[in-house]
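Two chains, each in its own frame: build the complex with the hints.
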Amino acid sequence: MHPTERAEPTGAIKMKLKTLLAKHKTALVARWVDSIVETYPPETAKFLKNKKDQFQNPVGHTIVAETKNLFDQVLEGVDREKATPFLDRIIRVRAIQEFTPSQALSFVFSMKYIIREIVGPEIDTEALDQELVDLEASLDFMALVAFDIYMSCREQVLDIRAKEVQQNAYLLLRRANLLVEKPGPRPEDS
Amino acid sequence: MDTKPEFKPGNFLYAGKASALETVGLPNPRDWSPTDDDWQLPADWKGIVHEGMAERLQRFRSFKLFMDVCVRCGACADKCHFFIGSGDPKNMPVLRAELIRSIYRGEFKTAGKILGKLAGGRKLTEDVIKEWFYYFFQCTECRRCSVFCPYGIDTAEITIIAREILNLIGCNIDWIASPVANCFMTGNHLGLKPHTFKENVEYLLDDIEEYVGVRIEPTFNRKGAEILFVTPSGDVFAEPGIFTFMGYLMLFDHIGLDYTWSTYASEGGNFGFFTSHEMMKRLNAKMYAEAKRLGVKWILGGECGHMWRVVHQYMNTLNGPADFLEQPISPLTGTRFENAAATKMVHITEFTADLIKNNKLKLDPSQNDHIIPTFHDSCNTSRGMGLLEEPRYVLNNVCNNFVDMAPQVIRENTFCCGSGSGLNAGEYLEMRLRGGLPRANAVKRVHEDHGVNMLSCVCAIDRAVFPALMDYWVPEVGVCGVSELVANALVMEGQGEREYNLRGEENPSYKPPAEDEASAEAGEEGEE
Chain A
1 MHPTERAEPT
11 GAIKMKLKTL
21 LAKHKTALVA
31 RWVDSIVETY
41 PPETAKFLKN
51 KKDQFQNPVG
61 HTIVAETKNL
71 FDQVLEGVDR
81 EKATPFLDRI
91 IRVRAIQEFT
101 PSQALSFVFS
111 MKYIIREIVG
121 PEIDTEALDQ
131 ELVDLEASLD
141 FMALVAFDIY
151 MSCREQVLDI
161 RAKEVQQNAY
171 LLLRRANLLV
181 EKPGPRPEDS
Chain B
1001 MDTKPEFKPG
1011 NFLYAGKASA
1021 LETVGLPNPR
1031 DWSPTDDDWQ
1041 LPADWKGIVH
1051 EGMAERLQRF
1061 RSFKLFMDVC
1071 VRCGACADKC
1081 HFFIGSGDPK
1091 NMPVLRAELI
1101 RSIYRGEFKT
1111 AGKILGKLAG
1121 GRKLTEDVIK
1131 EWFYYFFQCT
1141 ECRRCSVFCP
1151 YGIDTAEITI
1161 IAREILNLIG
1171 CNIDWIASPV
1181 ANCFMTGNHL
1191 GLKPHTFKEN
1201 VEYLLDDIEE
1211 YVGVRIEPTF
1221 NRKGAEILFV
1231 TPSGDVFAEP
1241 GIFTFMGYLM
1251 LFDHIGLDYT
1261 WSTYASEGGN
1271 FGFFTSHEMM
1281 KRLNAKMYAE
1291 AKRLGVKWIL
1301 GGECGHMWRV
1311 VHQYMNTLNG
1321 PADFLEQPIS
1331 PLTGTRFENA
1341 AATKMVHITE
1351 FTADLIKNNK
1361 LKLDPSQNDH
1371 IIPTFHDSCN
1381 TSRGMGLLEE
1391 PRYVLNNVCN
1401 NFVDMAPQVI
1411 RENTFCCGSG
1421 SGLNAGEYLE
1431 MRLRGGLPRA
1441 NAVKRVHEDH
1451 GVNMLSCVCA
1461 IDRAVFPALM
1471 DYWVPEVGVC
1481 GVSELVANAL
1491 VMEGQGEREY
1501 NLRGEENPSY
1511 KPPAEDEASA
1521 EAGEEGEE
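Protein chains in written order, with the working numbering: chain A, 1 to 190; chain B, 1001 to 1528.
Just chain B, same shape as in the assembly (with noise of 0.2 Å):
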């Protein structure tokens, strides 16, 4: 606990702007770094502080819990994909914990605030926030290690108040704090407004045409429309996930679903979730709120992870109950989807899985036969909903090579990217690479074995930051959504040769008409 860590480029995130925290209302704005000696806390930090630990103590009997249950075991220990990437003990789970731990038995047990350092206990200083703030922003809450604990103890929760404490003192990441400001005002991380949105999505339809020789014509902020998609943001502008966004638009174009987009609820992720329980709540009430003026019945959500930790765990109990919308039901199949009777909100993948299994999309899988994917579950759809088995009945069937990683490393045991929870900026690289390797360890295994050659997710974090980590550790694996794949074995209806695929490359696995076939053609041609 006494050893201080070292503010070094690469190990530590930019500060929160002042600018952001002012448009929210977040405590202590100001400019500052992480590396600087003064952090020009407020002049009672350290009231604040206890005062704002007492409180979640009194508000969550799961924080309560956690502080007091650990018997240190150390079952956690070598679970997190930080420590295993990073060799800093500090990110044991055990540890990271005994870092607020050790102030709350310091600071509001008897035993602690007498004995001290033999009961475990250590009194609130600056340098304890200094550490909190390098190592709880060292935590992607990807819970994994919760899995192995058999109190249960969830360190994500953990981390989750630890950085609540923090923003109450001003303590917070740029990377979390713009998105958030950014999405509160204009409804999405990076402040895209209505018209530039709309624009961005029809640059994508303008590629499909080009590639796929389909023009589709989807809808905006349509009132009285069956059903509002909402997705992550980074789809719409940001490489590999423009390319799953056109696997959306083609499969709704594919299924003649009556959709809309929202300009508005133009963001399907949350970062107030990685702020503060009262953030996460004000934006995901953007959601809500937006499917209520346009009238829609339900929500359709997109390929995301922490979206889907916020609705599938919190949302009920931060704005439900969504009483204004009904019970989802795909329109194509019939299916209730009884799993989303509260939220109202059924997942890409499981209304994608579900057409498939009714017969109801037209597919060639061999339009992906040069792809090897294997499967990366993201921690929120895996751990923090369940979704495991549908992702890969859906790549079963759009591709006809799919490779699983080895059963310690997926479904609920799956490892981190190493850049969820906010962590995701560009100077987090170098830690990033740490949390990400033992993911990328597993990949490289299958791309040695058995060829894989894609990586593929529901996540739009996870396209975001994948290309950077294979690049480093498998350079020879790309990374697409699913969303993609199913896009790239779609025969849509009119289509043209599919001789590129949505990237605009040749596609490898396109089997030019047979030579008869096209000689007829000509020939009726010639006729005409």
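Isolated chain A, as found in the complex (with noise of 0.2 Å):
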């Protein structure tokens, strides 16, 4: 089967990892947030980090709140419909931003980095290196997911722009009998 078409979650890692990732979630929560905030200059960074009101600081507020919702998925196993509204919120941000597309999604990748960086002794001490093997293709799955969320962003840029287009000049194009209008009941059709 491709990867990409897997219908159910990634299986949920086995007790011992979870455990251990459980125990160290808010470093490794912390850190990743880290990791996205720092994609940013310094100074954004900062802020991103800082200023904890969601309205004035929504970028920073959904990092905080998603990457959360994301690692409780890759304790429990990667569920695409689970998955896709946490990730979107992320990526529809980083999807309009200066960022190449390999920029915009890196940050599912850094996790593995983290884990790497955070348990890693630990995870040699108790040898559970199958068990991080299986992770690691959790996270990879996360990141194909998140590969359609991106593109999806980026196609429907394009179509708000042509739809604006449209919008901006419609009673123009209506009246020169240019539009399509939308099927459906008029009054004297009734």
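Bear in mind the hints are in silico, worked out from the structure with no lab data behind them.
All C-beta atoms, glycine included, are put in the ideal place defined by N, C-alpha and C.
One thing to keep in mind: the hints can contain errors.
[Said to hold, decoys possible] The calculated DSS-like cross-link candidates involving lysine-lysine, where the alpha carbons are at most 25 Å apart (straight line), are: (1) A/K51 <-> B/K1444; (2) B/K1357 <-> A/K82; (3) B/K1444 <-> A/K52; (4) A/K49 <-> B/K1444; (5) B/K1008 <-> A/K163; (6) B/K1117 <-> B/K1064.
[Said to hold, decoys possible] Listing some non-contacts, in silico: residues in chain B with all C-beta distances to chain A over 10 Å: (7) K1117; (8) E1131; (9) P1150; (10) A1238; (11) A1406.
Spelled out as structure tokens, the structure:
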């Protein structure tokens, strides 16, 4: 089966690694947040991390909230349907900012390095190498889902741009009979 | 300061067309693009910029003060929607201003001339001009930062001056230059000729007849009318602005207003404001010249943003006094609009609120029951003229479900639509989606918490740009003008069944007449 066609969630990671990651959740998520905000210039990174108001710092707020949700997905096994809204909220922002596609999505892969950095020694001690391989496969799947979301955001930007051209001259196009109207009942039909 | 901006599709606006610049006599008309290495600046561009800056430092005390007074406290830093949405620190108002302030220090102040960077100064180069173009067309002049500045530094005024200086060497954008040229020649941004303007209105009158069941007969260019009505031309051709326009037509018919449309002053918007003070004056003058020609008593203005900033803050200095007009008095209620004593021009929302307050409208707000609207305060009407209560009063009277957004993002704290001050061009969509992110985020919250499904506003640029912004960030939310919601609720004399709204869609809030009434009517018909 092609990895993107995975209908079932990736399997939940084995108990030992799960317990280990859960124990270090705060540190792991915090480092994940850092890895995302550090893709911005330093002045911006400071703002994204420190300003707590969700209305005045929507990007920072989204990053903090959704990395937590995504981390839980990693522990439970990545489910495309469940992970999509969490990923979407982060990627929707990065898809229209000054990032290349790889820069926009690199954060998913960062988690692999963060886990090795923070719990690597304990993984070695406990001999959880195989469990780690499974976990990294989960993150790879998350990256594939992220890629789909990124592309749909970009396609949406193009669609919106085309639609806007039409809306901005709506009546002129309609008068020139250049619009295909939405099918629907009109008073004379009823 | 040293990182050069990279012009990429989506993050810059197309250059002003030579023909548009020639039409209004702007300097250095040529074909060029911001992505060119050579911007074909005039040979003595440095002298022109230097002189232009010196002249403006003399002429505008505010500009001189804003160049000198900033203490870099950082209060403004995180208040800009473009900074919040793009993450680019040069969009922090303090750093945006620094782009020009550093030249002021480097070229005009002794310490900066000698010490350069050490004194915060730098020299004027072509790269500086490119950076100015990139960032001063990335500020919507919304003035949110000025609300938080302890010194009251108004970055909008810095941007206004910077754009004015850029215009001196022909560095401008087509989305502003062409509407300015069109407005100057034919009276509106798209260059609609009088007959086209009139035919468009007639088309909308046909729609009103079809959906509401009443035929309205407004007048055009009628001398001796009591009131001249002026609104942004976007409302006469763009969706969803046309539904707001239909709202005006219905409201004025409902109250029997003695008013007329002008096919010459057929634009309330004033993109001259985004070009130079002189251009703003030239375009603003048309409305008043037309009011004088038609002999009206006063002017009523439609839902627009920057038109009101120009009228409220600049008109009297530019083209006043409008002593050939009378201080506006509502012919329906007798209310004297004291705030319009100088400009002789009243905002449609103030006018409507006054009508409602005096029970002059027959309203059925239940017609809007399927709509849960929130309200976007346009930067210009809120921070620029203090129109805060009236739209909410109107909305609460024509709808049953109005919900406000969070207090930190409404009224004078409102977030910009991200496309104001002439930046609403299609090629700039990605930058606009960044700039509009904070506003969309607040809408998303009221959508999730309260089921809000409509973003209402009183600005034509808002109406033009919010559909795209909502489609990307909160697709469940539509966009409308306040006057469209007023019209939905108006009970028009002789109206038919209101099964359809002004958009030609079935109205979910429509209640068919009770069966006994219907059968009684059928019986009467049968007897005849």
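Structure-based check of all given hints:
no.: 1; hint: A/K51 <-> B/K1444; result: holds, 19 Å
no.: 2; hint: B/K1357 <-> A/K82; result: violated, 50 Å
no.: 3; hint: B/K1444 <-> A/K52; result: holds, 18 Å
no.: 4; hint: A/K49 <-> B/K1444; result: holds, 22 Å
no.: 5; hint: B/K1008 <-> A/K163; result: holds, 22 Å
no.: 6; hint: B/K1117 <-> B/K1064; result: holds, 20 Å
no.: 7; hint: K1117; result: holds, 18 Å
no.: 8; hint: E1131; result: holds, 15 Å
no.: 9; hint: P1150; result: holds, 18 Å
no.: 10; hint: A1238; result: violated, 5 Å
no.: 11; hint: A1406; result: violated, 5 Å
Of the hints listed earlier, those the structure fails to meet are numbers 2, 10, 11, in rising order.
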